[in-house]
Amino acid sequence: MTKPLFRIALFFSILSSLVSAQSKESGRPITIRAVEGLQFDPPRVKMEPGQTIRFHVLNRDPNDLVHNLVLIKPGSLAEIQKAALQVDQAAIDRNYVPDHDAVLEHTKLLNADGSDTFLFTAPKEPGIYHYVCTFPGHATLMYGALYVGEKWGSFARDPNIPEIARNRAKEIEAAKEKTQRPTVKRFFLEKSGPAAIAVALENDLNYCWDAGNCRLRYAWSGEFFDLGNNSRSNGNRQLKPKGKEFWNGQGDELAYTIKTDDSSLKPDFKGYRLIKGQPEFKYQFGDLSVTEFITGSSDALLHEIKISNATAPVKIYAKGKVTSNVGTRDGDYFVVPVKESSHIKLSIPTK
Amino acid sequence: MKNIFTFLSVLSTLAFPLLATAAKHPAFKVDIIPLGVGKDPQVGGLTVLSDGTIAAVFHEGELRLYDPAKKTWSVFASGLHEPLGIVAEDDTTFVVMQRPELTRISDTDGDGVADLYETICDDFGMSGNYHEFAFGPVRDAKGDYFVSLNVASNGAPIRKEIRGEWLDLGLSREGFNVSSQEWKDGVKKKAGRMYSRVPYRGWVVKIDGKTGEMTPWASGLRSPNGLGFDANGKLFVSDNQGDWLGTSKLHHIQKGKFHGHPASLP
Numbered sequence: 068m069t070k071p072l073f074r075i076a077l078f079f080s081i082l083s084s085l086v087s088a089q090s091k092e093s094g095r096p097i098t099i100r101a102v103e104g105l106q107f108d109p110p111r112v113k114m115e116p117g118q119t120i121r122f123h124v125l126n127r128d129p130n131d132l133v134h135n136l137v138l139i140k141p142g143s144l145a146e147i148q149k150a151a152l153q154v155d156q157a158a159i160d161r162n163y164v165p166d167h168d169a170v171l172e173h174t175k176l177l178n179a180d181g182s183d184t185f186l187f188t189a190p191k192e193p194g195i196y197h198y199v200c201t202f203p204g205h206a207t208l209m210y211g212a213l214y215v216g217e218k219w220g221s222f223a224r225d226p227n228i229p230e231i232a233r234n235r236a237k238e239i240e241a242a243k244e245k246t247q248r249p250t251v252k253r254f255f256l257e258k259s260g261p262a263a264i265a266v267a268l269e270n271d272l273n274y275c276w277d278a279g280n281c282r283l284r285y286a287w288s289g290e291f292f293d294l295g296n297n298s299r300s301n302g303n304r305q306l307k308p309k310g311k312e313f314w315n316g317q318g319d320e321l322a323y324t325i326k327t328d329d330s331s332l333k334p335d336f337k338g339y340r341l342i343k344g345q346p347e348f349k350y351q352f353g354d355l356s357v358t359e360f361i362t363g364s365s366d367a368l369l370h371e372i373k374i375s376n377a378t379a380p381v382k383i384y385a386k387g388k389v390t391s392n393v394g395t396r397d398g399d400y401f402v403v404p405v406k407e408s409s410h411i412k413l414s415i416p417t418k
Numbered sequence: 414m415k416n417i418f419t420f421l422s423v424l425s426t427l428a429f430p431l432l433a434t435a436a437k438h439p440a441f442k443v444d445i446i447p448l449g450v451g452k453d454p455q456v457g458g459l460t461v462l463s464d465g466t467i468a469a470v471f472h473e474g475e476l477r478l479y480d481p482a483k484k485t486w487s488v489f490a491s492g493l494h495e496p497l498g499i500v501a502e503d504d505t506t507f508v509v510m511q512r513p514e515l516t517r518i519s520d521t522d523g524d525g526v527a528d529l530y531e532t533i534c535d536d537f538g539m540s541g542n543y544h545e546f547a548f549g550p551v552r553d554a555k556g557d558y559f560v561s562l563n564v565a566s567n568g569a570p571i572r573k574e575i576r577g578e579w580l581d582l583g584l585s586r587e588g589f590n591v592s593s594q595e596w597k598d599g600v601k602k603k604a605g606r607m608y609s610r611v612p613y614r615g616w617v618v619k620i621d622g623k624t625g626e627m628t629p630w631a632s633g634l635r636s637p638n639g640l641g642f643d644a645n646g647k648l649f650v651s652d653n654q655g656d657w658l659g660t661s662k663l664h665h666i667q668k669g670k671f672h673g674h675p676a677s678l679p
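Residue numbers (the numbering used here), protein chains in the order written: chain P, 68 to 418; chain Y, 414 to 679.
Next up, chain P with everything else stripped away, as it sits in the complex (with noise of 0.2 Å):
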């Protein structure tokens, strides 16, 4: 061979190698991790039949212990972790993999922080295959379910994963249903500005309350919200309520809690103090210092208004069936005299 042919043929024989490598693959990588407590994580992953993925397979556990990865035919799971209790001279030789017709794939033995990784074409049929570590001692604990083209149910009560998975999921399920109640909240809000707060107070009952513009927004009574996995959204999903709403002041977004004939003033939000975990916010209202203090009975919301610094009549929203302990109704309005400015009980009822 000349050698400018010798250059060409090696061009295209190392292209051809890498196009042939990269056109191989039909789906994103997996990757799965050999975590603390004998587990992979995930402990299933999906595939479509025919289907060609690297695996890419990292051990992850903080414990320094050595793992493998092991891929299994269907229902040889039993069989398979009975074969990695056999430690002789040769399973050593065989880096504990065992001899066995069901191992389709395996890893290196990994060392912590080691990964390995390997290609593996799903057959045509469905089937539930497994991934197991048989390391001497950790098969019967650490193995996973490799579904293709089969679904997958309820993470919690699926029968191919280890009892400790479904455990885990349990637990994350049992979490994500409670509300703790009293709690507070801060994401973006339906029906708000975009500095909400959101409030769950006992009896069920909860209320948004605007930063921006410093009052009550709307209260409902019964569940806090579905945060379902807010928390892996970028920031933008906006949360809507659940349960019934009972009050809101739509249609009045401007509209403060103290009215006053200057339309430039605007209230300055100073923060809060958590009072057995209720939030009593702070603002400044031009020369008014101000605080709001929500709470709920079994039949009402209590919002107490707190006013330092009147000099004449306030005139506090109160739209619809919003009851006052002192001052006089006016349209949308109470109006409270100065003396009585510094401690305003308003009740929403939630019927």
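None of these hints come from the bench; they were simulated from the model.
Note that CB positions come from ideal geometry on N, CA and C, so glycine has one too.
Among the clues, some could well be false.
As the list claims (entries may be wrong) - Simulated coverage check for chain P against chain Y, where a stretch passes if three residues somewhere in it have a Cβ under 8 Å from a Cβ of chain Y:
1) 246-260
2) 300-309
3) 332-339
Once you have looked at the hints, place chain Y on chain P.
The following block gives chain Y in isolation, referenced to the frame of chain P:
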């Protein structure tokens, strides 16, 4: 031919260099700290207290403390809106940048859990666009804070209600109020790739540590997601590539300077 095969096998090893994980670095030790079952690992900011306790803020809104001796986590504060940075003023007082405000969070009754969330500053605008992340804070030698405010992205419009004064330049505020399909089909192009229509998006601002007074400091930034001072007190901010700038860059931030991204220009 033997040489070719040797070369090819070397090459095929090099073809997937990313598969190899980084070797352990001799200069530091890596500890893996489990977060607990079901906890989202997205950390927005970290700091270390005088006794070695690690304080971290998480995407889902919590400030948690990790005791390295007991290997336990505790929740110090919760209900934060996308916290992306934390400074410890002392071991029970933290300043956290949330999406809507810079907040001082403290435990005033000594029970180990925060009970006071004081708004230091919320004098910047929010259009409700998801991309208006707020980064920082970093604290200078005088105790003042610097934070950076991301511009909005035309990956989404603004929300109906906004905070701060609307800048009437370009697509009208009503123009943003279209269906998501109409937005994708072309309205988004009228918004500009990244946009700054409420105050100080695309800016670094200084916030007085005592009074909370905000001073717009420097403009021309896009996604200024890393802030830090050098040993001489110079402020540096890393910024995302994109739009008119082809690569990510590190800016030496100086008062009154414009740093190249046009969206923040008034």
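Against the structure, the hints come out as follows:
no. : hint    : result
1   : 246-260 : holds (count 8)
2   : 300-309 : holds (count 4)
3   : 332-339 : holds (count 4)
No hint from the list above goes unmet by this structure.
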